[in-house]
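Number of protein chains: 2
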Amino acid sequence: MTNAIILLSGGLDSTTCLAYAKNQGFDCYALSFDYGQRHKTELNAAKKIAAHFNAKHHIFNLNINQFGGSALTDMNQTVPDYVETNVSIPNTYVPARNTIFLSIALAFAEVVNAKDIFVGVSYVDYSHYPDCRPEYIHAFQTLANLATKYGVEEGGIKIHAPLIHLSKAQTIQLGHDLGVDYAMTVSCYQANQQGDACGKCDSCSFRKKGFLEAGIEDITRYYL
Amino acid sequence: MTNAIILLSGGLDSTTCLAYAKNQGFDCYALSFDYGQRHKTELNAAKKIAAHFNAKHHIFNLNINQFGGSALTDMNQTVPDYVETNVSIPNTYVPARNTIFLSIALAFAEVVNAKDIFVGVSYVDYSHYPDCRPEYIHAFQTLANLATKYGVEEGGIKIHAPLIHLSKAQTIQLGHDLGVDYAMTVSCYQANQQGDACGKCDSCSFRKKGFLEAGIEDITRYYL
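Heads up: the sequence lines are chains A and B, in that order. Count the first sequence with the numbering used here and you get residues 1454 to 1677, in order. Count the second sequence with the numbering used here and you get residues 1454 to 1677, in order.
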């Protein structure tokens, strides 16, 4: 079997991504980050999800809050409610987060001899994050093959972003077809300790809308 | 004044790089990593060097040893002596290290509104590390401008690698002209607590040869 790294936050997208990689026949190494996020609920979800899919699971400790700069890690900033007309990059954006996460996934890939890295970003519902666009993923793949011993000597490191052209509804449909139990996942930017969601942030709004559009029952628990 | 990030290990190259950036008129933010390296001597050197150049200094805690995989961070591997004919990537290579360091520098740049990142890699004496080549630096710059809010909205993030085409001797000559005191720097892969060098590893061999070729007195203290 061929090894693959899957970035697993414990949310809806990354869980679908793991199910997808598993379905493609990869031996999956799930990688989560303890990065100073506001709540550990999603990390607990990630643990259960990795076990459910029989994937090896590594939680990497990395406090990106050492600089501050985002409402998702900085306790002094407020997570904004979703506003439909918002077209600029929101304050929930964490500086260079996907680049940092993919870089560490690349190191992990080299150590476990994996040439395939899966990341559950979507261009459609990317909420104006620059590091969720196809051209970004493509640029990272180019870099990965120049950057590493494995890329240079063996070639062909591939960054898979299977959800990149899917709407939230299409992602949910895909996961549903793959048998994903979305009750295990946590998407909310400010979930409580039980994993219940606020229902108001960007992430909750996209998720709610997705289930509605997919015509699949939304089993998310909301505390508001 | 314009802010710049300078990756500062406390070694000869990164110190020359800091002197160069300072000389170019940048307001310098030096960034060092406490990444589980074998000795902290170079971090202590970095602190003194940053202070000497009147740069702000941030030490980022990041244990890349969480995966293992390199003689520079894995205590179970032996640092090899320098062998002239060695053409493959050596075991002192740390998987994806420069990519991880540059990613974090990119986040730091975004937080302090810097568009310029300096890294002291050299293609000439790169010791077969893939992530010290010009095409790698170019690929990272492309990525940086796609990856970040700052790159997308403001444009023009630049990765400066002023030493990339310089030999060690030329780097030493440049630093010498800029008034760098190389007694402050530590290059050795296995320096002792006093900052004295082994004189035998790849890094020591390049440094020795560099001073010799530049015709500048080598004031490095060796313990062997």
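Hints may be right or wrong, so weigh each one.
Where chains are identical, the list cannot tell them apart; a pair therefore holds if satisfied intra-copy or between any two copies.
[To be verified] In the DSS-like style, the derived pairs of lysine-lysine whose C-alpha atoms are separated by at most 30 Å in a straight line are:
#, residue 1, residue 2
1, 1602, 1661
2, 1602, 1493
3, 1662, 1568
4, 1568, 1611
5, 1602, 1662
No wet-lab data here; the hints were simulated from the structure.
Go through the copies and call it for residue 1568 and residue 1611: within, between, both or neither, with a Cα cutoff of 30 Å. This pair counts as both: shortest intra-copy Cα distance 6 Å, inter-copy 29 Å.
Could you figure out if residue 1602 and residue 1493 sit no more than 30 Å apart (CA to CA) within one copy, between two copies, both or neither? between (34 Å within a copy, 26 Å between copies)
At most 30 Å between CA atoms: does that hold for residue 1602 and residue 1662 within a copy, between copies, both, or neither? Cα proximity of residue 1602 and residue 1662: across copies only (26 Å, versus 43 Å in one copy).
First find the shortest C-alpha distance between residue 1662 and residue 1568 inside one copy, then the shortest across copies, and answer within, between, both or neither for a cut-off of 30 Å. neither (35 Å within a copy, 38 Å between copies)
How do residue 1602 and residue 1661 come out at 30 Å by Cα distance, when the copy is not named: within, between, both, or neither? So residue 1602 and residue 1661 pass the 30 Å test across copies only (27 Å; inside, 43 Å).
When held up to the earlier numbered hints, the structure conflicts with hint 3 and nothing else.
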